[in-house]
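Undergrad: With chain G's structure known, arrange chain B on it following the hints.
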Amino acid sequence: MPSPTHPLASMIPWQISTASDSRTKMAKTSRLCSLLLRLLAAAATLCAAVVMATSRDSTTIFGLTLDAKFQYTPSFEFFVVANAVGCGYTLLVLFVPPTTSLSRLVIVFDVTVAMLLTAATAAAGAMAQVGKKGNSHAGWMPICGQVPSFCDHVTGALICAFVGVIAYFLIVLHTIYTLLSPLFP
Amino acid sequence: MATENGKQAEAESRQSQPKSKLLLSLRLAAVLATATATVVMTLNKQSTRMAVAVVGTSPILQTFTAAFQQTPAFVYFVIANAIASLYNLLVLLLRPFLKAKPHDILVHLLDEVIFALVATGAAAAASMAELGKNGNVHARWNPICDRFEAFCIRGGLALMASFAGALLLLLMNAFSTFTLHKSVLSQD
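If you read the protein sequences in the order shown, they are chains G and B. Just so it is clear: in the first sequence, position 56 is 56 by this note's numbering, and no numbers are missing. Just so it is clear: in the second sequence, position 171 is 1171 by this note's numbering, and no numbers are missing.
This is chain G alone, in the form it adopts within the complex (with noise of 0.2 Å):
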């Protein structure tokens, strides 16, 4: 009778246990749950990054030419990069294998992507909220009056990028629940 310890212990039919079928099935879909996310936030980076990138108004009053274009303002320079960097990230991130200790450092890299992600949503967010509501103490007029394309663009690129900072934040909740599973009743 070969030992528990043999190296053709795993062909022994007997030796298999339902523990371990739950587990492998648990741990499938929580793979399956992660690469769902993953790609959700690839999708909403893109689309977010890809959206201000395009957004280009110009009008004309009195005969001077009033143009908007995103890379006018560092902020939205900053949130096309970010976003840029987020989904191209993600999708590297997509070919690690889960259990190496390549996958701890995903974790690491996670946390600080959804952080850039978080601040660069957060700064073009303030720049559109000027851009649509002026500052009268400042001076400054609004402008979406009169380049409603550029700021309609600005708003799409604005909702996914939250839609994948959500997504990001889901990836993060999920890490840390895997990681800290036996942590927890």
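Hints were generated in silico from the structure; no laboratory data involved. A quick note: this is a predicted structure, and the numbers were derived from the prediction, not measured. Some clues are possibly wrong.
Once the Cα atoms are required to be at most 27 Å apart in a straight line, the calculated DSSO-like pairs of lysine-lysine come out as [as the list claims (entries may be wrong)]:
1. G:K25 - B:K1182
2. B:K1101 - B:K1045
3. G:K28 - B:K1182
4. G:K132 - B:K1133
5. B:K1099 - B:K1019
6. B:K1101 - B:K1021
7. B:K1133 - G:K69
TA: Chain B alone, transformed into the frame defined by chain G:
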């Protein structure tokens, strides 16, 4: 066997002493940083008198005020940093009551949320500060820092304090995740 377990527990508690001291000092530093940011931005107000028109030879002066309430991003900045400093202060004061494992996990999760709050507040305020300093030529928004210099300097200091607080909260989060993970590994 019993002496072995006892020695292991003693070694663990000796090992966790400098770690808990480090977490405590990080949390205290974060309280100070976020409280500084809140207070400096709240008291950030400047009024100047400028000439708006000239009647004959005498100019008509009008008082213009720059305050943090005029910009929603700065209001959010103040609120976020206030919440963060109060939360960390509360956790510091309630430390003797939060020794159980579920309390540890709850504090860790709330720490992550509070860090996100501070980071977004600092990001939004930084984008507004950049706009106030450089203006935006294409939208015909003039910079205000040349007129309200003290307002800008104080705002900058508050922003630096908030960024320092965010960094400290990040280090604290990373460290506490590491120690929680270690304790999970040692339990298996």
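Undergrad: If a hint holds in the structure, say so; if it doesn't, say that too.
TA: How the hints compare with the structure:
At most 27 Å may separate the alpha-carbon atoms for a hinted pair to count; K25 (chain G) and K1182 (chain B) meet this at roughly 26 Å. Our distance criterion of 27 Å between C-alpha atoms is broken by K1101 (chain B) and K1045 (chain B), whose separation comes to about 45 Å. Using a Cα cut-off of 27 Å, the hinted pair K28 (chain G) and K1182 (chain B) holds, with the two alpha carbons roughly 25 Å apart. Taking the CA atoms of K132 (chain G) and K1133 (chain B), the gap is near 20 Å; set against the 27 Å cutoff, the hint holds.
Between K1099 (chain B) and K1019 (chain B), the direct Cα distance comes to roughly 15 Å. Compliance with the 27 Å bound is thereby established for this hinted pair. For the proposed pair K1101 (chain B) and K1021 (chain B), the alpha carbon gap of about 18 Å is at most 27 Å, so the pair holds. With a C-alpha separation of about 20 Å, the suggested pair K1133 (chain B) and K69 (chain G) falls inside the 27 Å cut-off, and the hint holds.
When the structure is compared with the earlier hints, a violation turns up for hint 2 alone.
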